[in-house]
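> First to last, the sequence lines map onto chains S and R.
As numbered in UniProt numbering, residues 1 to 473 make up the first sequence, in order.
As numbered in UniProt numbering, residues 1 to 473 make up the second sequence, in order.
Do not rely on the hints blindly, as some may be mistaken.
Stated by the list, open to error - Listed next, the in silico DMTMM-like pairs over lysine to aspartate or glutamate satisfying Cα-Cα at most 20 angstroms (straight line):
(1) R:LYS301 <-> S:ASP204
(2) S:LYS192 <-> R:ASP204
(3) R:LYS301 <-> S:ASP287
(4) R:LYS192 <-> S:ASP308
(5) R:LYS307 <-> S:ASP204
(6) S:LYS301 <-> R:ASP308
(7) S:LYS256 <-> R:ASP303
(8) S:LYS307 <-> R:GLU209
(9) S:LYS362 <-> R:ASP204
(10) R:LYS256 <-> S:ASP308
(11) S:LYS256 <-> R:GLU209
(12) R:LYS256 <-> S:ASP303
(13) S:LYS307 <-> R:GLU259
(14) S:LYS42 <-> S:GLU340
(15) R:LYS150 <-> R:GLU259
(16) S:LYS301 <-> R:ASP204
(17) R:LYS362 <-> S:ASP204
(18) R:LYS307 <-> S:ASP308
(19) R:LYS245 <-> R:GLU209
(20) S:LYS42 <-> S:GLU135
Stated by the list, open to error - Sample of chain S residues facing chain R (criterion: CB under 7 angstroms; computed from the structure):
(21) THR193
(22) TYR195
(23) ASN197
(24) TYR201
(25) PHE202
(26) ASN292
(27) SER296
(28) ASN398
(29) PHE401
Derived by calculation from the structure, the hints in this document are not laboratory data.
From the three backbone atoms N, C-alpha and C, an ideal C-beta is built for every residue, glycine too.
2 protein chains.
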Amino acid sequence: MDSGTSTGAGENSGNENKSIIVVGAGLAGSLLAVYLAKRGYKVDVYERREDIRTAEIVEGRSINLALSTRGLTALEKAGMGHIGRQLGTPMYGRIIHAQEEDPKLQFQQYGVDPKQHLMSISRTVLNERLITAAEEYPLVKFHFKHRCLKTDFAKTSIQFLNEETGETVTATADVILGSDGAYSSVRAALQKTQYFNFSQYFLDHAYKELTLSPAADGSYQLPSNGLHIWPRENFMLIGLPNLDKSFTITLFMPVKMFESLQTKEDVRRFFSIYFPDALRLMPNVPDQYFANPTGSLVWIKCDPHHKDHVAILGDAAHAMVPFYGQGMNCCFEDVRVLDELLEKYNDDWDQVLPALTATRTKNTDAICQLSYRNYKEMSSHVSHADYLLRKKFDTMMNYFFPASWIPLYSMVTFSNIPYSEVIERSEWQDRVVGKIKTAAPVVALGAASLLALYFPRSRAFVRQALTNLADRL
Amino acid sequence: MDSGTSTGAGENSGNENKSIIVVGAGLAGSLLAVYLAKRGYKVDVYERREDIRTAEIVEGRSINLALSTRGLTALEKAGMGHIGRQLGTPMYGRIIHAQEEDPKLQFQQYGVDPKQHLMSISRTVLNERLITAAEEYPLVKFHFKHRCLKTDFAKTSIQFLNEETGETVTATADVILGSDGAYSSVRAALQKTQYFNFSQYFLDHAYKELTLSPAADGSYQLPSNGLHIWPRENFMLIGLPNLDKSFTITLFMPVKMFESLQTKEDVRRFFSIYFPDALRLMPNVPDQYFANPTGSLVWIKCDPHHKDHVAILGDAAHAMVPFYGQGMNCCFEDVRVLDELLEKYNDDWDQVLPALTATRTKNTDAICQLSYRNYKEMSSHVSHADYLLRKKFDTMMNYFFPASWIPLYSMVTFSNIPYSEVIERSEWQDRVVGKIKTAAPVVALGAASLLALYFPRSRAFVRQALTNLADRL
C-alpha cells in the first residue's frame, strides 16, 4: 500500500468521538469513508442499492471511466494509487476513425509528453475495491439497501427506510455528507431551503453503451493504447478498452436520432453508413441497440454545497456531461480538497464547510462548463485542420514555456490546477493566439518588404508568398 | 357580471364527463377553476391552506399587487373584469422621492396616454372573490387543508393528506393542473422525471413589508394616484396605495444590509438617513421592522411545463422577482392562453399541453428576464437624466409611430403582446436608438458646416456649438 501523504490511519486522535454519516456508497462516498476514517472519524455509510460486491446485476451508469491526474492524486493521498494503476488500461491519445469502410486510424497524443495517459477503468471494479478498502477500517460501517427519506438540518439527522426489513431508522451525526449522485436525496432536501441556487439541464443528446467483444483468439479487436473516436459532427461513437480485451463503445447522438431508429434494419443501415468499420467488428449492434437502455445526459449545478452541518459532494453537487472524462476525477478531487480543508482548519467543520462551498462551487462550475463545451471538440473539431494546427502550436509553445503555456486539455487532465484557474489561463492563451493571428500577416508583410528591398533576387519568391497570403485573407 | 368573450357558463357540452384536478387555490388556481367550469369540466381544487375567506390569519406573500392589462384581459374574458376595476386603486405613474427631509415629489407618467394606469389591488381580497366566483359553478368543488404528497403521471392521479382528518386521499382525473406556487409539489414531481430542465435562483436582495397608516382624518398620507419609489441605487422603498387609505411600503435591499440592522436604533438611523420623509410618516418603522418577516426573492424557470396529462401554471412554472409588477398578470395570462388553446384544439389535451409548453416557456422566460433587469431601473435609473431623456424620446416616437414604436414598459404593462415578442421589439428599438446616438454628431457636424458655409454670420454660433460637442465626445 502507498503511504498517504498527509493522513495516516487513525492518526488524528481528536476526532474519535465524532461521527459522520455518508449517504451513498458510490465512488465518491466510498473514497470519502476512507479519508474520514484516516482522520479518526466514526463513519456510517448508507447506500440505497444492495452491496455491489455480491449483487447479481449492478444497476445503471457507465461501464468504464477515464481516470486521470486529479483522480489518481486523490487515490494516492489515501494510499490507494496502486488500485488506479493496477485496474486500468492506459490510453495515450485519441484514435480517430474516419467515415470509411477501412479507415487509416489517426493517433492524436493526449499529452505534450508521450508518456502522459488516462487509465480506462471499470466503474464497478473500482467501486468494489474502494468499499473493501473502507471496510478495512473498524471505524467504517456500511448499511446497504437504505433509502434516504428525510434530512433534518437543525438536528443533523437523517431518516432512512431499510428496504430489507421495511423499518424506518433515524441516524444522527456531527456531520452529514451526501455523495448520493446526480439525483441526490440530500440535495433535494437542501433545495427546499432558502437561498439554495440550483439548476438541472438535460442535453438534447443521449447515449447508449454497446460492447465490442474480444477477437476469437482473445485479443483486442482494435488498438488498446487510446480512446477511439468516430467523430461525425453532431453525433459520435467512442470506445474505451477494458482489461478483458473487450471495448465499451458508446454512441452519443440527439435524442431525436435515437427515436428515429425504430427497427434493427434501421440500426444496421445507420451503422453501415456512418460507422462501417465498427459495424464489421460488432455485427450484433442491432440486437445490442434494442437490448441496452438509452441514457440521458444531465448537467446539475448548485450553490451553496452545504447548509449547517450537511454538505454534498460528487455528482450530488455537480453532475456533468461526460465529454471531458472528468466526472469521477472531479468527485475524487472534492474529497481530497475536503481533506485539505479539514487539515487547514483543524477539523473545525464550522469553518470547513463554508470554505468547501467557496472553493468547490466555482471550480465545479468551471469543469461542468468545460465538459459541456467539449462535446463539439470530440464530435467534430478533432477531425478539423484548424484544431490540429492549434494542437501543434500549443505543443510548440509548451516546449518553450513549459510552466506558463500548458494546453487546455493537459491542464484539465494532467494537472491539479483548480478548474476555474484552468479556464482563466486557457482564455488568456486564446487571446494570445488571437493576437498572433491578427499580427502574423502584418509581420510577414514587413519581413517580405525588407527582404524584397535588400535582396532584389528574392522578389519573385516574395511576390509568390504575398500572392499566397492574399489568397488566404 | 361582464359577459365572457369566448366562453359562456357550461356552454361546452362535450366536456361534462371530463374531470380536472387543480392543485392550489391561489390567484391562478381559482381563476383556472372559473375558466374550466365555463368550458363544462368537473373541477376539484385542492389547497394546502385553510379557506382564506374564513381564516383568522392569512399566511405569507405580498399584500398588494399591480393589476395591469394582461391580468385584466384574463379577468374580463372570464366575465370578471368588474372585480379588478372595483377593488383597485388606480396608479397613473411613478412618484419619485429624492433623499431629502421634505422632497418635492416627481411624477413620471406610466403610459404614453395619461389615462393608462395600473390598479393597486389586495391579493387576499382578489383571491377571496375569485374563489367565491368559482364556487358559484356547481361543477367546482374546493378541498381545503389538503397537502399534495405524490403525483402519478402514468395514472394522472395525485395523493393528498387531508390535514384536518389525517386521512390520505388519492384523486384521479383526466388532467391535473398544478398552480401551487413557487414551491410547487407538482413541479417537484416533474423535476424527478427525465428531460425536465429546471433552475431556481435566489437574488442576494430580500424584501420586507411595512404599513403606512392613514392620516388621523382617515385620508391618504401621500398622493394615491401613483406608485411611490424611493430609489437609492442598490436598494429602494416602494409604496402602493390601499383602498383603506393606507399604503403598503416595501423595502428591497441586499440580504447583508438587512442583517446589518440589528437594533431598533439601527433601523431608525438608517431610515432617517435614506428615507427621512417616510420615517416622518411612519415613526413606528423600527417596531414594524422587527415584527414583520424578511422575504426572499426567487427566480424559477423550467421547461417543459407539462408531462403526459399533468401541467403547471403560474408561479409553479415561472416564479419571477416582483420588479415589473407582472407576477399575477403573467399567471392570469397563462390561464387565458390555456383557454385559447383549448378553444383552438377542441379541448384535445394531447395537443393543448404540448402547445402550452411551446408558447409559455419562451414567453414566461422573457418576462422573468425583464423582471430581473427591472430592479436596476426601479432602484436607480428612474432618477437619472439619461433615463428621463429616453422616456421623452420614446413618447415622441410613439406619437409619430403609435403602432410600431411602443415603449418597453408600455408593451409589458399596457398590451397583450407576447412577452418574447416584447423583448424582440424592445431590442430593435434599442438598436435604432443606438444608431441615432452614433449618427447624431455626424449629422450635426454636417449641418453646422453647411450653416457656416452659407451663412457667414452664424460662424460664431457654429464654433460655439462645435466646442460644446467636442466637450461631450
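> Now tell me, hint by hint, if it's right for this structure.
Cross-check of the supplied hints:
1. R:LYS301 <-> S:ASP204: Answer holds: R:LYS301 to S:ASP204 is near 18 angstroms, not above 20 angstroms.
2. S:LYS192 <-> R:ASP204: Status holds; Cα separation ~17 angstroms.
3. R:LYS301 <-> S:ASP287: Given pair R:LYS301, S:ASP287 is violated - Cα atoms ~40 angstroms apart, limit 20 angstroms.
4. R:LYS192 <-> S:ASP308: violated, 25 angstroms
5. R:LYS307 <-> S:ASP204: holds, 17 angstroms
6. S:LYS301 <-> R:ASP308: At roughly 27 angstroms apart (the allowed maximum being 20 angstroms), R:ASP308 and S:LYS301 break the hint.
7. S:LYS256 <-> R:ASP303: OK: S:LYS256 and R:ASP303 at ~17 angstroms, within 20 angstroms.
8. S:LYS307 <-> R:GLU209: Cα-Cα ~27 angstroms, so violated.
9. S:LYS362 <-> R:ASP204: holds, 17 angstroms
10. R:LYS256 <-> S:ASP308: Satisfied, since the Cα-Cα distance of roughly 18 angstroms is no more than 20 angstroms.
11. S:LYS256 <-> R:GLU209: Roughly 49 angstroms separates the two Cα atoms, so the pair is violated.
12. R:LYS256 <-> S:ASP303: holds, 17 angstroms
13. S:LYS307 <-> R:GLU259: holds, 18 angstroms
14. S:LYS42 <-> S:GLU340: Roughly 19 angstroms separates the two Cα atoms, so the pair holds.
15. R:LYS150 <-> R:GLU259: Between R:LYS150 and R:GLU259 the Cα gap is close to 37 angstroms, so the pair fails against 20 angstroms, i.e. violated.
16. S:LYS301 <-> R:ASP204: Holds, because 18 angstroms separates the two Cα atoms, which is no more than 20 angstroms.
17. R:LYS362 <-> S:ASP204: holds, 17 angstroms
18. R:LYS307 <-> S:ASP308: Roughly 35 angstroms between the alpha carbons, so the hint for R:LYS307 and S:ASP308 is violated.
19. R:LYS245 <-> R:GLU209: The hint holds at about 16 angstroms.
20. S:LYS42 <-> S:GLU135: holds, 12 angstroms
21. THR193: violated, 10 angstroms
22. TYR195: holds, 5 angstroms
23. ASN197: holds, 5 angstroms
24. TYR201: holds, 5 angstroms
25. PHE202: This hint holds: S:PHE202 lies near chain R, its Cβ roughly 5 angstroms from the closest one there, short of 7 angstroms.
26. ASN292: violated, 16 angstroms
27. SER296: holds, 5 angstroms
28. ASN398: violated, 38 angstroms
29. PHE401: violated, 40 angstroms
When the structure is compared with the earlier hints, violations turn up for hints 3, 4, 6, 8, 11, 15, 18, 21, 26, 28 and 29 and for no others.
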